[in-house]
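S.K.: Protein chains in written order, with this note's numbering: chain Z, 1314 to 1503; chain R, 33 to 285.
Fair warning: there could be bad hints in the mix.
Below, a list of computed lysine to any residue pairs in the SDA-like style, where the Cα atoms sit at most 25 Å apart [to be verified]:
| id | chain 1 | residue 1 | chain 2 | residue 2 |
| --- | --- | --- | --- | --- |
| 1 | R | K212 | R | E115 |
| 2 | Z | K1479 | R | Q84 |
| 3 | Z | K1386 | R | D61 |
| 4 | R | K51 | Z | K1369 |
| 5 | R | K51 | Z | R1353 |
| 6 | R | K51 | Z | P1326 |
| 7 | R | K212 | R | L283 |
| 8 | R | K192 | R | A221 |
| 9 | Z | K1386 | R | A221 |
| 10 | R | K264 | R | D61 |
So the derived label-pair ranges between C-beta atoms look like this [as the list claims (entries may be wrong)]:
| id | chain 1 | residue 1 | chain 2 | residue 2 | range |
| --- | --- | --- | --- | --- | --- |
| 11 | R | N70 | Z | P1466 | 31 to 41 Å |
| 12 | Z | H1394 | R | E42 | 36 to 46 Å |
| 13 | Z | H1394 | R | K147 | 56 to 66 Å |
| 14 | R | Q84 | Z | T1427 | 47 to 57 Å |
Worth flagging that the hints you see were computed from the coordinates, not collected in a lab. Ideal Cβ placement from N, Cα and C applies to all residues, glycine included.
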Amino acid sequence: MGSGGNTGNAEMPLADRFETEAMPHLNDIFRTAYRILGDRARAEDVVQEVFLHAWKSFQRFEAGTNCRAWLFKILFHCVHHHRRKWFRFPVLSQSAETLEATLVFTAPVSEQLTDSEILAALSRIPRDYRTVVLLVDVEEFAYKEAADILSVPIGTVMSRLSRARKLLKEQLGDIARSYGIGDAEEGTGA
Amino acid sequence: MSDFDNLDQETARLRERLKQAVHADRAPDHLHARIRSNIRGGQPSGRRTWWQAALVFAAIIIILGGRALFHFGYLLFTPESRESYISAISNQVDGIMRSGLGDHVNCAVFRKYPKKPPPIEVIVEELAPKYRDLVSVVRSRIPQEYRLFAAHECGYHGRKFIHLTFHGDSRVLSVVITRKDWGESFTKADLLPALAQSGIPIYRAGVQSFQIAAFETSEHLVYFISDLPQEKNMDIMLALAPDVREFLRRLES
């Protein structure tokens, strides 16, 4: 899983330890921040803040624990803080239950879909669900780790993930249908 | 990765495509540089930066300074706050010491002094003629670094006092004399004299920075109060007491 746990470098100078243990996760933190915020400039600001927070409290970071998960926890703390400062996230007005109820067809993920189409679909699902998908499916955190990072019960992570996948498939299905893929497969299946 | 063991094929495929798409993003190089630059510019907490330490130090100085100023009565601007302060410190000494202490703090400590004292002749005129010789008696026993700034009759809480105030070296010294109320005596106050040299029992008390030395005649209570060290305050009172007692005895006879 690439959790990036501390491997006992307590004797190293602090800056070197930070470089070794925290900095390698910069890309992971950045892309998650970008996918949550939907804006590169804001994501850069938040990531910078995450690493500054991490550095300031790095002496308190317990060697041997999961540095990557710790950084993600700081990330969500910062995102939460900035969300209040900047704006309200454009959360879908429909509740998740309503969205699920309208799922009439789940198309298989077509190989013809591009990365940008998949990312566009991801950006259209509610933020809480998108967050769980990013943590569990993309960054490969275990449910328990994701629950710790988000400070929610593990059951919430599991239910949000299930709904998120359904919503994502629905979004991708719409795109696929726009190519005529879903119609063809539906027709074939009928 | 047990959480993913039971993924159906379709979900697994979705997951892979999603990972592939999201992982195509990388943090820009300038972000790495900016973060490293920030980190080089500051130490993690626990090793506070010098300005943080300076701020904390300044805050401590201000708080302690403020407390000290309040403690010594310099931040008491309103009559109510002054009265409250006098009441608070008076409660820490025996009842018979309170009147002298209260008048000293009220009349001598809460007072602004000119840079130079008025001429002695002017000061003495503030006193009733029968008390004017007291000024020379007291001045002859007070160390010369302390100069007489006031000699007058004043009142505090309905009681009248003869009050001589000396000032110097940032110290305020008072000789405070008052007529005894009926039955009032140090001997009845369950106080033991600290010293009884020259046959004069001298009583002592102290609160905060104030030192009080006192004795009595048949009709008067005499206090010497200052913010000098206790020993020096007592030394001056020992020097003062015989002549002041003699002066008062002449008045009383």
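S.K.: Confirm or reject each hint.
M.R.: Hints, one by one, checked against the model:
1. R/K212 - R/E115: holds (23 Å)
2. Z/K1479 - R/Q84: violated (51 Å)
3. Z/K1386 - R/D61: Measuring from Cα to Cα gives roughly 23 Å; hence the hint holds.
4. R/K51 - Z/K1369: Violated, at roughly 31 Å.
5. R/K51 - Z/R1353: Holds, at about 18 Å.
6. R/K51 - Z/P1326: violated (35 Å)
7. R/K212 - R/L283: holds (14 Å)
8. R/K192 - R/A221: It holds: about 21 Å lies between the C-alpha atoms, which stays within 25 Å.
9. Z/K1386 - R/A221: violated (70 Å)
10. R/K264 - R/D61: Roughly 74 Å between the alpha carbons, so the hint for R/K264 and R/D61 is violated.
11. R/N70 - Z/P1466: 31 to 41 Å: holds (35 Å)
12. Z/H1394 - R/E42: 36 to 46 Å: Holds, at about 37 Å.
13. Z/H1394 - R/K147: 56 to 66 Å: Check passed, 57 Å falls within 56 to 66 Å.
14. R/Q84 - Z/T1427: 47 to 57 Å: Distance hint for R/Q84, Z/T1427 holds at roughly 50 Å.
In summary, the structure is inconsistent with hints 2, 4, 6, 9 and 10 from the numbered list given earlier, while agreeing with the others.
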